[in-house]
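S.K.: What follows is the residue order along each chain.
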Amino acid sequence: MTVSLRCEGVSKWFGESGVLDSVDFSVEAGEIHALLGENGAGKSTLMKICSGLYRPNRGFVSVEGERQSFSSVMDAQAAGIALIHQEPRLFPDLNVLENIWIDFRGKVRGFNLRSVEKQTQDYLNELGCGVDLRARMADISVADQQLIDVASALRKDLKILIVDEPTASLTPSEVDRLFGVLRRLKKQGVAIVFIGHRLSEILEISDTMTVLRDGRVVGSIRAAQTTEDELARMMVGRNIDVADSEPYVSSDSKVLQVHNLSATGKFKDVSLEVGSGEIVGVGGLVGSGRSELLEAIFGVRKKYSGTVSINGARISNALGSIKAGSALVPEDRGRNGLVLRATVLENIVLPSLRTLSRLGVRRRKRELALARRMISELGVRTASLEMEAGALSGGNQQKLSLAKWLAHDLKLLLIDEPTRGVDIGSKSEIHTLIRQLASRGVGVLVVSSDMRELLSLPHRILVMREGELVGSLPAAGATEESVIKLASGVKAA
Amino acid sequence: MGIIGMRPLARNLARFRDLGIGGIVLAVAIAFGAVNPVFFRPENLFAILLSVGIIVVLAVGQMLVIISRQIDLSIGSTLGVAAMVTAMVGRDLPDIPTILLAAVSVGVGALLGAVNGFLVVGAKIPPIIATLGTLAIYRGLVFIVSNNTQVNPSEIPSGVTALARVSPIGVPPIVLIGVGVVLAAWYFTRKTMTGLRLYAVGSNPEAAIARGLSPLKFQFWVFVVMGALAGLGGLLYIARYSTVNPADVGAGFELQVISAVVIGGTNIFGGSGSVAGVLMGVFLVGILANGLTVIGVSGFWQSAASGAIIIIAVVIDTLVRRQMSNGKKKEKSRPNE
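Chains as they are written, first to last, in my numbering: chain A, 49 to 541; chain B, 10 to 346.
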């Protein structure tokens, strides 16, 4: 096998903080090589160096034995490297065809987009992507956007393909389709670097894996010779317990009572209760109305009929809900959970400004004290309180979006996909946090599509199907099979 | 649903959008004509064409600037400097060929545009602030250069004033120049890869960098192009009005032009906009300015009335668009149900 991409002694630092420390890393042609590590371990930085977005402070990148010094993305593209980012780097105002060809630089006489339509359609067919070439990118699903991103890489003379967390927002069948494409490229001799968090997926798709921790290589290992547990240990450098929650001691005080809640077209006649200190999980297929249910309970979505009470008091809108001590941590942190352009400090104090300020004037000392306490309690890794929230890694952003509510006198936590796109270490920390909250008497309603999370975190599991609550299982006896059967409507045998 | 079935639908919707504004333009024109038939007299339509010819040159430039996620507020003053300098050169050298005067005008405009571009790209000042500053600075330059003296019609070379008169071809050169600029912009935005990249850069600058495009380059050059077009507008201004008064020349043009561009459906947040739409927007603005005078609305009310009609036009347009996108969504979701 020939080595396609090699990094030798690559170091990178930003100002004072070092991100990569003499990393050696190589990928062979026709190999799928996973790059693993917790958020902040330096995976993305390494790949940005390989694709010309950053320059290393020390060390070299070579392609097929030739040392490169990329000064731009174009240089890396010319060397046959393409990067597919976790959020597709596309242009919402342009159509599919234009998006794919936007960086075409060949000097072809008479080149125009119409002349490459057929060729482009072939790429898309090969990827099993059925979108219209003239459709505007803004109207296309994330999964198809990702495939279009791949298609624009296929267009070039591709030697090395880097995919950065491509599966975070894809459904299982879409993941299968993407993996099919990666395997085909591998057969054609393309070297693939795969960055991901879901270990089972990584073991399935990759041949070799290299683990990074704190900017250094911990080790490389063949997929056949390892297990999820071993990988997880390599990533965090300690054992991770995926313990179940302590059993719930039933409490008479109900934090949340929902009666016959309906929202047109989303869900109907949902009734449920969450006790003080209880963690209730909501499972079901994507699109079964779970996120909408959480939003309606919190009061940000119009409900058609039904009532919501928190600690016995009827709630009619989000402000009342917040005043009654409830918090919603939404799935999309960037859009709904955090003010990404505000600082870490501002995000933490935002919901508590009323209690922190005096006569409407903010008091910085109290704000700082609160923020410091939250940061250390939650283990948010940030360079400073004045850093933009958007600059934190995914796991740290999620902790931050929790922190901003914990400062508050919390009674009910509504949380949607708490650990999506979050690395293993942060995941168990977030679970621990949620359990601590529950042990303090907070009622938690958590929506999750992660089966292991759904089976281990809650005390009780509710299952939704097509907008209806179809079952309630005690977590102790629930299995993956029993949840899936309820969620998909398969009759128990 | 037939994906192929979507194709003509999507195209028709886009076409319908431009037509929608066209419909409003037509309705406003008919309304003016109904109140006072003088509106449809050839001399009046001729006057409208002349002012549209000038505004469209600026509007096309502003559209490119806005597509790139920027804005240029200084265009009225840029036009002013270019027109004043050109008029003074023409006054002092009466025998100079018109083409050289055009070069002076366009050159001065491009230079001022480059200054804007440098402030934004080099000094990293947000476009709205940088050009607000140069709006005032360039206006000051007009006074300084002219020593606060206006250039009178008798001092303008006849070659320049001829641009606003009917030529042997039947239309005044101003209109031909306007048509030329529109066609060039249409070709650039619809047929060239560079034009497509301009949209890309405005649509998602971060993605543009990741795909190896350079947003900064585009951001700089659209200001230069805008400046050059404002300079050209300066020459047309001299031709049309003959008098170049330091306080009046180009003052307030930025508002007319930006209104026209936005009415034309250009997204003020960048990434989209069409020449056809902007052309319609320019017609609406031009017809309003003229029509309100023709039907005898008092000068005090004209500005308020034209503002109100512009808002109504945009509201109608938005409602129509929302209706269409709802229809589209319904169609999309049907097979899933």
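Where hints are given, some of them may not hold.
As the list claims (entries may be wrong) - Straight-line alpha carbon distances no greater than 25 Å define the calculated DSS-like cross-link-like pairs of lysine-lysine that follow: (1) A:K350 <-> A:K316; (2) A:K166 <-> B:K226; (3) A:K96 <-> B:K200; (4) A:K235 <-> A:K207; (5) B:K200 <-> A:K204; (6) B:K226 <-> B:K200; (7) A:K234 <-> A:K96; (8) A:K350 <-> A:K371; (9) A:K207 <-> A:K234.
What the hints assert, rightly or not - Taking CB as the label site, the calculated pair distances span: (10) A:S117 <-> B:V324: 50 to 58 Å; (11) A:N365 <-> B:G149: 32 to 40 Å; (12) B:L35 <-> A:S536: 54 to 62 Å; (13) A:L416 <-> B:I134: 50 to 58 Å; (14) A:D498 <-> B:A36: 55 to 63 Å; (15) A:F152 <-> B:N157: 34 to 42 Å; (16) B:F309 <-> A:A366: 53 to 61 Å; (17) A:D317 <-> B:K133: 50 to 58 Å; (18) B:A260 <-> A:Q169: 48 to 56 Å; (19) B:I277 <-> A:A390: 42 to 50 Å; (20) B:V188 <-> A:F152: 25 to 33 Å; (21) A:A366 <-> B:G261: 41 to 49 Å; (22) B:T201 <-> A:D317: 56 to 64 Å.
In case anyone wonders, no lab produced these hints; they're calculated from the structure. Just so you know, even glycine gets a beta-carbon here, dropped at the ideal spot from N, CA and C.
S.K.: Next step is simple, just say for each hint if it's right about the structure.
M.R.: Right, here's what the structure says about each hint:
This hinted pair checks out: K350 (chain A) and K316 (chain A) have alpha carbons roughly 13 Å apart, not beyond 25 Å. Using a Cα cut-off of 25 Å, the hinted pair K166 (chain A) and K226 (chain B) is violated, with the two alpha carbons roughly 32 Å apart. A hinted pair counts as satisfied when its Cα atoms are at most 25 Å apart, and K96 (chain A) with K200 (chain B) does not qualify at roughly 33 Å. Of the supplied pair hints, the one linking K235 (chain A) and K207 (chain A) holds, its CA atoms being roughly 12 Å apart against a limit of 25 Å.
Taking the CA atoms of K200 (chain B) and K204 (chain A), the gap is near 22 Å; set against the 25 Å cutoff, the hint holds. Taking the CA atoms of K226 (chain B) and K200 (chain B), the gap is about 20 Å. The hint holds against a cut of 25 Å. This hinted pair checks out: K234 (chain A) and K96 (chain A) have alpha carbons roughly 21 Å apart, not beyond 25 Å. Straight-line distance between C-alpha atoms of K350 (chain A) and K371 (chain A) comes to about 19 Å, which keeps the hinted pair within the 25 Å bound.
The straight-line distance between the Cα atoms of K207 (chain A) and K234 (chain A) is roughly 10 Å, inside the 25 Å bound, and the hint therefore holds. At about 55 Å, the CB distance of S117 (chain A) to V324 (chain B) agrees with the hint of 50 to 58 Å. Between N365 (chain A) and G149 (chain B) the beta carbons are some 53 Å apart, a value that contradicts the proposed interval 32 to 40 Å. The hinted window of 54 to 62 Å between L35 (chain B) and S536 (chain A) holds, with their beta carbons roughly 56 Å apart.
Checked against the hint of 50 to 58 Å, the C-beta distance between L416 (chain A) and I134 (chain B) comes to roughly 32 Å, which is inconsistent with it. Distance hint check: the CB atoms of D498 (chain A) and A36 (chain B) are about 57 Å apart, consistent with the given range 55 to 63 Å. Remark: the range hint 34 to 42 Å for F152 (chain A) to N157 (chain B) is contradicted by a beta-carbon distance near 53 Å. At roughly 47 Å, the beta carbons of F309 (chain B) and A366 (chain A) sit outside the given window of 53 to 61 Å.
Our hint of 50 to 58 Å for D317 (chain A) and K133 (chain B) holds, since their Cβ atoms are close to 56 Å apart. In this structure the supplied range 48 to 56 Å holds for A260 (chain B) paired with Q169 (chain A), their Cβ-Cβ distance being about 53 Å. The hint said 42 to 50 Å for the Cβ distance between I277 (chain B) and A390 (chain A), and at roughly 24 Å that hint is violated. Checked against the hint of 25 to 33 Å, the C-beta distance between V188 (chain B) and F152 (chain A) comes to roughly 31 Å, which is consistent with it.
Here the CB-CB span from A366 (chain A) to G261 (chain B) is close to 44 Å, well matched to the stated 41 to 49 Å. The supplied range of 56 to 64 Å is met by T201 (chain B) and D317 (chain A), whose beta-carbon atoms lie about 57 Å from each other.
The structure shown violates the earlier hints numbered 2, 3, 11, 13, 15, 16, 19.
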